[in-house]
Amino acid sequence: MYWAAACGGCEIALVNINEKILDVDAAFDFIFCPCLIDTKKKDIEEMPDKSIAITLFNGAIRTDENQEMACLLRKKSQFLIAFGSCAYEGCIPGLANLSEKADVMKTVYLDNATIDNPSGIVPQTVTEAPEGALRLPVFFDAVKTLSQVTDVDYFIPGCPPEPRQIWNVVEALISGKPMPPKGSVIGAGKSSVCEECDRIKEDKKIKALRRTYEFIPDVKQCLLEQGLICMGIATRDGCGALCPKVNVPCTGCYGPPEGVPDQGAKMVGALGSIIDIGDLKGLSEEEIDKRTDAIIDAVPDFAGTFYKYTLPGSILRGRFS
Amino acid sequence: MKKISIDPITRLEGHGKIEIFLNDEGDVANTYFQVPELRGFEQFSVGRMAEDMPVITNRICGVCPEAHHMASVKALDMLFDVEPPPAAKKIRELVYMAFYVTDHTTHFYALGGPDFIVGPDAPPSERNILGVIKKVGLDVARQVIDCRARNHHVIEKLGGRGIHLAAGLPGGWSKSVSEEERKEIEEIAKKNIDFALFSLKIFDDIVLKDPVYLDLVASDIYLHKTYYMGTVDEKNRVNFYDGMIRITDPEGKELVKYHPKDYATHIAEHVESWTYLKYPYIKKIGWKGFVDGMDSGVYAASPLSRLNVSDSMSTPKAQEHFERMYETFGSRKVDGRYQPIHHRLATHWARLIELLYASEHMLELATDPEITSPNVRTIPGKIKGKGIGSVEAPRGTLTHDYESDERGILTKVNLIAGTTNNYAPMTMSIKRAAEKLITKGKVVEESLLNKIEMAFRLYDPCLSCATHSMPGKMPLTVHLRKPDGEIIRTFKRDGQS
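Chains as they are written, first to last, in this note's numbering: chain A, 1 to 321; chain B, 1001 to 1497.
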């Protein structure tokens, strides 16, 4: 298991299979050594190609170092699995693709409430210190997904993947069950979160979109039909509809359902069919537009709402497509 | 000039790297602790809807998402100008205590454990979690797994998800606690108290009674007289969820006590071109480089720091152990507060005292009659547009600062994560350890590897918020190079655990 630009949540998710971690450790000792424990690049370079059975790769590709490791591990592994939303689709750090790299540097190092940087120092890939040179990896212009830099065998969705789903995959691998076709999404369902959600759907049209802080939603009714942008309809099942269970909408961390190339486009389409802009009879184009705009205005951040987890992997890819 | 690269990552995981330069006499000329990682949350959070921030900032750190989630909802309470109902605040705090129990447990047994329980001079092949299990028994390993599991269960039940929780909203919490859930949590909290006491007993038996370890604690390898930061309640007691930020000086006197919303008046961040991480320091004192003492604005924010700035603990059993720790170090009370402990290895002990406090406080909250109130949300009125929220993350004071327009769209975001506070002291501890262990070109091989590792491990080397590295999986390679870069010798210690 290797981590690139990640938060560590994928590792914690793995540890959260609890006592089963001892089984994993027993079954995959060899694999864990180069990827998770014995993480020396040189040792991996010296291994014969394809000598690692499975690499679980989490994290997005943010620096040249991340990319170099992705390519190296591809070469050395029989199966390279994009583990979790960052490696699969870019995830929340992928929202950085809405900004220029220079803006990231400016906000972080030059312009914020606590910065003390009168000489305008920004981290450099090479710094000549009095004692010698110090190097940093190159920060790319944009976040990339694992499959955008190398060939990937399987994808495990989720931010992070649910522990029981991780166990399902690991158990299948231990028992040597036949694997699905290359490129498949594993450790999840093929349908949408709505399939797993207990809430009552009445196929109601909605007159207005509302934001989560504005009201307390009913605990039994479909959240989307109450006007909240619940991404469940455009999100792959597999988590068990956890967020709607605590009365907040799904934010889409499992990515699009099987066969759907773009989660955001799917959601916009779904909204188009559920939003009721009222009786259109006798209304001018301009008035119809006005009503539509009024509804849409209630959600002032489209990218962050519909592409929260999928921007780098989406058709749009953010600013740098 | 010779250069030694201690690269926990060997350019593999990219989260932290140490360069040690030796002068012609073979002594340490300088050390650099580099963080080669940046994701830029402060930039891409701009343009987002403010209420999305608890979910977005979870992803800064998958080891402590609860800390970011709580700091974020507190910032939102202020930005939306709304006061959560008492039950909502208590549920947040209850979830937070469950989190502290799992986090401190993981650290002590998987990270600190190998050094402390197996011993600093044990062979590397035993100095890992397997060695810990061997020493304390498989039964203890199961207890550790059970402890993590039951507290993650609480987090998922009340927060929606076990990692990257979802229930925090401006003005409250999306889920109330049923009586059935409350009873279950009460039992879990009781088990946690037993487990914390048991862990302190292990520390007592295996660590405090070991002269080798005690010598190490007493040595000055890990001693730094810096300022300390922590959150205290109205009685100046340790608090993880809410209170005032207190900073004490190296002699233990209070320098300042301020509301978290005034953080930018007191804290500034220094930038270096050779690392992606910034160095916070106390503004009033100023940035004087990587030095300790009264004149240097460097401060630490850790379990030990929190105890150093506090007068006492708010729960009885934790208070007993708090007193015992300070008495053991010979610290005397001045103005009603123990003088600070500067021996950084005591951070591990402080962490266990906090584990006990979190467990006891969890029980207090689980038995609070108000905790099952269905009233867990206040609907905000007008958006104020400026919100600052702060909690004590396990690795230090965490601050979220948001500005928004009238629709709640973020226009400016500043974040100071827990680990970041300790970047300067970690750098100094590493340098101190290197200076003590490398003299006249003589490298104490095995000790160098482990004892330099211990220098940053005590701050909780998962370094999650800053470098997102895996707890307990810190491999080390040291290259001893000639001035032209040629490798003379390579020492390795893998991070097996």
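A hint or two may mislead.
If we take Cβ atoms under 7 Å as the criterion, some of the chain A residues that face chain B in the derived model are [stated by the list, open to error]:
(1) Gly9
(2) Asn18
(3) Asp103
(4) Thr114
(5) Pro118
(6) Ile121
(7) Pro160
(8) Thr212
(9) Asn247
Stretch-level coverage of chain A by chain B, calculated; a stretch enters the list once three of its residues show a Cβ under 8 Å from a Cβ in chain B [said to hold, decoys possible]:
(10) 53-65
(11) 125-136
(12) 278-288
If you're looking for bench data, these hints aren't it; they were derived computationally from the structure. We put the beta carbon where it would ideally sit given N, CA and C, even for glycine.
Consistency of the hints with the structure:
no.	hint	result
1	Gly9	holds, 2 Å
2	Asn18	holds, 5 Å
3	Asp103	holds, 6 Å
4	Thr114	holds, 5 Å
5	Pro118	violated, 10 Å
6	Ile121	holds, 5 Å
7	Pro160	holds, 5 Å
8	Thr212	holds, 5 Å
9	Asn247	holds, 4 Å
10	53-65	holds (count 3)
11	125-136	holds (count 7)
12	278-288	violated (count 0)
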